[in-house]
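S.K.: The task is simple: from the sequences and hints, build the whole structure.
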Amino acid sequence: MKEVLIATNNAHKVEEIRTALNFEGWTFTTLAEAGVTSDPAEDADSFLGNARIKAKAAWEAAKEALGHPVAVLADDSGLEVDALDGAPGVFSSRYAGEHGDDAANNAKLLRELGETPDEERTARFVCTLVFLDENGDETDAHGTVE
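Just so we're aligned: 229 in the numbering used here is position 103 of the sequence shown, and the numbers increase by one with no gaps anywhere.
Check each hint, because a few of them may be wrong.
As the list claims (entries may be wrong) - Pairs of lysine-lysine, DSS-like flavour, derived with a Cα cap of 25 Å: (1) K189 - K128; (2) K139 - K128; (3) K234 - K128; (4) K182 - K128; (5) K182 - K139; (6) K189 - K139.
Note that these hints are calculated values from the structure, not bench results.
M.R.: And the structure:
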């Protein structure tokens, strides 16, 4: 059995990860379920940077809390809008100020797009995953949906 600690405090992301990565013989445990506390500042300028920050912080916190290293999976994701030069990007979840206020983030996005014609409202959802195995060796993956 392969146990992986999910480096997020977001219950919706946990459910998404467990659904998408429903591999036989693998279990995905939350920080809370493992008794691990980790909530580092996501202050990198890239999705990879933020995912790496979360993965490394959770890996270190788990090693200390549990007394041994465990595999960790972290992500960072968001929306890149071409007409806004890639914004909101890494600031997607806190675009309007308060973290996780989807309605306010969407309202700000639409205000900023203003008179932008529909055909110029191109964007993509970006997600980057960082996996650290028990030894701390990193594997990352990056994907987009236009």
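S.K.: Please go over all the hints and tell whether each is borne out by the structure.
M.R.: Quick rundown of the hints versus the structure:
1. K189 - K128: holds, 16 Å
2. K139 - K128: The hint holds at about 20 Å.
3. K234 - K128: violated, 42 Å
4. K182 - K128: Answer holds: K182 to K128 is near 19 Å, not above 25 Å.
5. K182 - K139: OK: K182 and K139 at ~18 Å, within 25 Å.
6. K189 - K139: Given pair K189, K139 holds - Cα atoms ~22 Å apart, limit 25 Å.
Figure legend: structure checked against the earlier numbered hints; the only hint not met is number 3.
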